[in-house]
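Peer 1: Based on the sequences and whatever the hints tell you, model everything.
Chains as they are written, first to last, in this note's numbering: chain A, 1 to 303; chain B, 1001 to 1323.
No false leads were slipped in.
Label pairs and their calculated CB-CB ranges:
# : chain 1 : residue 1 : chain 2 : residue 2 : range
1 : A       : H254      : B       : R1191     : 24 to 34 Å
2 : A       : D283      : B       : E1267     : 53 to 63 Å
3 : A       : R238      : B       : R1130     : 15 to 25 Å
4 : B       : K1126     : A       : Q234      : 20 to 30 Å
5 : A       : C49       : B       : T1011     : 54 to 64 Å
6 : A       : G153      : B       : R1191     : 15 to 25 Å
Hints in this document: simulated from the structure, not taken from any laboratory. Fair warning: this is a prediction, and the values are worked out from it, not measured in the lab. Yeah, the Cβ is synthetic: ideal placement off N, Cα and C, and Gly gets one too.
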Amino acid sequence: MALDRFFRRRRPQQQAGSDMPDLWTQCPACKESVYNRDLEANLWVCPKCNHHIRLEAGRRVEVLLDEGSFVQLSGRVHPTDPLNFQDTEAYSDRLVRAQKKTGRPDAILTGTGSILGLPVTLAVMDFAFSGGSMGSVVGEEISRAAEHAAQIGTPFVLVAASGGARMQESALSLMQMAKTTVALEGLTARGLPYVSILTDPTTGGVTASFATIADVIMAEPGALIGFAGPRVIQQTIRQSLPEGFQRAEFLLEHGMIDDVVDRRNHRNFLAGLLGVLTRRAPDALPTQQSPEQSSEQSAEAPA
Amino acid sequence: MTTPPTDLKATLLKLEARVHDLEVTARETGQNLDAAIHPLRAEVERLRTAPVPAANAPMTRWERVQLARAPGRPTAHDYTERLVTDFTELHGDRNFADDHALIGGPGRWQGRPVMLLMQQKGRDTKSRVRRRFGMSNPEGYRKAMRLMDLADKFGLPVVCLIDTPGAYPGIEAEERGQAWAIAESIQRMVRLRVPAVCAVIGEGGSGGALAIGVGNRVLIQENAWYSVISPESCAAILWRDSAQAPKAAEALKLTAPDLLELGIVEEVIPEPVGGAHLDLDAAAAALGEAVGRHLDELGKLNEQELKAQRAARFRALGAFTES
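Peer 2: Laid out in structure tokens, this is it:
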């Protein structure tokens, strides 16, 4: 089944010297080896250090949506090489390689589904495809998904994971920032909620457009989120960056996001929130939390 | 061997910038610097009148990038001094600070009442530092949004002169939400009820330029550039060597003719042969005419038509195939 495939492809690193390599995954943060079954049950949050391991887009859909509810919208729009871009490698070759690696035409997966029974339209960026970079296809698919949400009257949920706009489509990539913003206007016109979830990493033109004009902005713990990358900033100012700079918790502290939410609590958080905003009752209400403790509590809340 | 035209241009620009800096210093400090200025002026004159080998020969993309950011390149102020009357600069974002890289206020564009927003790099070392070389902090974009509110309230068309290497990449800029400010400014422009005409007059550096670039019409001067990333940064990432910037500039297709072909801009505004700095009055006249013409055309549309036209313009941008 899909889960097994996911593991074989995604396993970041095998335990050194293990004679049963498929059973273990090494946490990229604490380097502990974790039994895959435990990791899966924990939604790919390291049980030892709470590190949120990056998710491939298909896996993200499974983590967020009710089982079997996903109906895919994206997939028919394919990238081209409008500038005939060539660096150390041709853009067209890079595209083919990324497509083979991920099985997707580009760095985006969209569709409809439900979260605890509440219908949503979902767009998930795929960091595994060229660093989740946004070119014409990503912009188009996100725009179409937002327009679809407005048309069928569901909230729109977007999971961001991107290094920013895609250099190989130059100004066309840049224009996707304005295009997606235009497409999101339909949700505002119809009074439908738009929630974005910023995951590690979300930077550049994605942060500076659709990802941060959501009604509610959530972020995964520890996610790197910013406009300029840390290296660029360091080169510009020539001083070391403060501890925790540009991490989700830093942005919460500076008032830029609504909350840092543990992945294991995303479904409950979204169902509770969207239920109130759309005046509908989710199937199963999230475990009761007082609003003050949501941040702290979410760190320990089980799925 | 004759000097290649672009080297000559670069030399001229450098000399002119030095003359200008010296003149400003002389004026500000009251010192007599004529002894230093005069020979430089003579050299500028000699180079300018010397037979220029194929001055209008096609330039490489990298040469255009260098021309667009040369210290002698006219800044927004050089144009507005010639085109705008009754300008009242309005300061501050009413929240944190006044950004000196992005400035604006109401004025008359060759007689037409407008709200002017412009990125200003500064004209000498001192003012370049003060204006952060045209790189705004978040409060710059937040000031722009405040002025767009006023434009909507008073029915003033918005004119944006874009000239920035990009939004400022600093610790405080990140703390105060640089990305948020840009995203919100883009959204604010999408929602404008008045006409918006944007013109890239030097560097169109990525999101920092687009933040005031969501116009009903987007124009660009002949030797300006507009791209998702600067050639140096692009080269540093893709070639792992920023010295490969000339190659990156070619690959990024960031010049005015490229952008016209890609449908990113409506019109390329011609510059005097050799560049806008060689005949400021002529460059200003061409800019004034083009912006004014588009303002007049857009003046015939109502609120709904303006919003719909702007939305459709940007919604259609992108290159893909569909199966």
